[in-house]
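Asker: Sequence:
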Amino acid sequence: MTTIEQRDQAAQWHAWIAENLLRGVSPYDIAGTMEASGVDRSSAEQAIASAADHPYLQGARVAAEAAAAASAAKLASNAAAPGSSARAKKYAWWLEVQRRAARLSSHHGELPRVTNPSAEEFLEDFYSRNRACVIEGAMESWPALERWQSPDYLKSVCGDAIVEAQSRGNAGGDAATLSDANLAKSLPFGEFIDIVETAGESQDWYMIANNGAKNLQPLLPLLDDVAYAPFLQPDPARTFLWYGPKGIVTPLHHDLTNNLMAQVRGRKYIQLIAPHESAHMYNHVHRYSQVDSFDIDYDAFPAMRDVTIVDVELGPGQMLFIPSGWWHAVRGLDISITLTMMRFPWDNEFHEFYDSYGEL
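Residue numbers (our numbering): 592 to 951.
Derived by calculation from the structure, the hints in this document are not laboratory data. A virtual CB, placed ideally from N, CA and C, is assigned to each residue, including glycine. Certain hints may be false.
[What the hints assert, rightly or not] What follows is a list of derived Cβ distance ranges for each label pair:
1) GLU788 - PRO812: 17 to 27 Å
2) GLN603 - PRO734: 38 to 48 Å
3) PRO646 - TRP607: 17 to 27 Å
4) GLN824 - ASP890: 43 to 53 Å
5) GLN881 - ASP743: 36 to 46 Å
6) ASP902 - ALA601: 48 to 58 Å
7) GLN603 - GLN862: 40 to 50 Å
8) ILE887 - TRP607: 44 to 54 Å
9) ALA601 - PRO646: 17 to 27 Å
10) GLN603 - ASP890: 50 to 60 Å
Whenever a hint applies, use it, and build me the whole structure from the sequences.
Answerer: The following block contains the structure:
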């Protein structure tokens, strides 16, 4: 029999779930927080799904969207008011000052490299400065560096587990299109491995961070092969597996959080562009660019001629710190396995005050 205390606790969780869904927090992050608080992951996901489908919540969402639309209309009206255009121009001027100042450095266009920094060094030199870098030597103790080179090993650990991955087919477009939930397919991990390992150079199947909510539990045993660096906090719910064939691409975009990219198998080519170049990035919607940075059409996007792109080749055992707001595009040079990690010991909740999800 359920006690009154248990009923009260369940009611509190239900209210908390509804509140966060209405705030736009992803079901994945909600489930992760509940799991960290001792709630069974499967039970948490069921409760979240039930709440999302409840007519009361759907009605509340309609009301919230109406209120947001009214607020957006008010903001649009304010944007047309005297002075708003001048403020926008002032912000653009400030970015241009930063851009021109950066170009005065003799190291402009270079990416710093550091060997196995302490948490304090990483915080002071890179994290607090929103400064990208390559990190060497921080993965030397990872069993994954050797074990994950073998598809048979991966199958032996999780081959029968049902996972989710993007099946892009001939889909094109920006990073939003290619990570859309409509392209997500479920299949045994062993079957996915066989597809990737025999695909040759391909743009089709790719396991990405957006599949992380479905893959956390099925692939959790693999994280036993990972040793988190001192500037990271161990958190499987904020650790994402990327696995794809040679030639796979993630188009140009920026993230709303700081990310650490850990290359386990194969090589990846990454293009990095500093945030102060944002006015030149043809950012048409949310956090995505219209530009194919691997084959730039300078006639269509002439401002890109004046953008500094930093090229990085990341190999096994290397990490790349990509701060929030840094534009980046990624291409697999080989069959590759990458982990991205977001749980740092410092503030990384920049998405909480971001409000530019629509067209820009």
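Asker: What are the numbers of the hints that this structure violates, sorted from low to high?
Answerer: No numbers; nothing is violated.
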